[in-house]
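Peer 1: Sequence:
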Amino acid sequence: NEKPTCYLCNRKGHYSNNCKERRNTVKRKNNICENCGGKGHFTKECTSDKIEKDQMICYRCNRMGHHTKDCP
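Take 1 as the starting number for the sequence shown in full-length UniProt numbering and just add one per residue.
What the hints contain is simulated information worked out from the structure, not anything from laboratory work. Here the structure is a predicted model, which is why all the values come from computation and not from measurement. Keep in mind that the hints are not guaranteed to be accurate.
Listed next, the in silico PhoX-like pairs over lysine-lysine satisfying Cα-Cα at most 20 Å (straight line) [stated by the list, open to error]:
id	residue 1	residue 2
1	Lys69	Lys44
2	Lys39	Lys50
3	Lys44	Lys20
4	Lys53	Lys69
5	Lys12	Lys39
6	Lys53	Lys39
7	Lys69	Lys50
8	Lys69	Lys39
Each pair of labels, with its calculated beta carbon distance range [claimed, not checked]:
id	residue 1	residue 2	range
9	Asp70	Lys12	18 to 26 Å
10	Glu21	Thr47	20 to 28 Å
11	His14	Gly40	21 to 29 Å
Cβ atoms here follow ideal geometry from the backbone N, Cα and C, with glycine treated the same way.
Sequences and hints are given; from them, build the entire structure.
Peer 2: Shown next, in the form of structure tokens:
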């Protein structure tokens, strides 16, 4: 029996629905950066200058002063 090959990472031994690469992509897409407040990247990957919290705009309510994850 040959092990399945994942079409996302091309590694043998799992299918794409169980792929760690897929989970990382989903997490990245839904992640909110603690540095800039943007979506689509992790804080450690952020290339923006740090924005002070009181200057940050919430992507949920469009008000300043908090991260989306802290939106009231």
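Peer 1: May I ask which of the numbered hints given earlier this structure violates, with the numbers listed in increasing order?
Peer 2: 5 and 9
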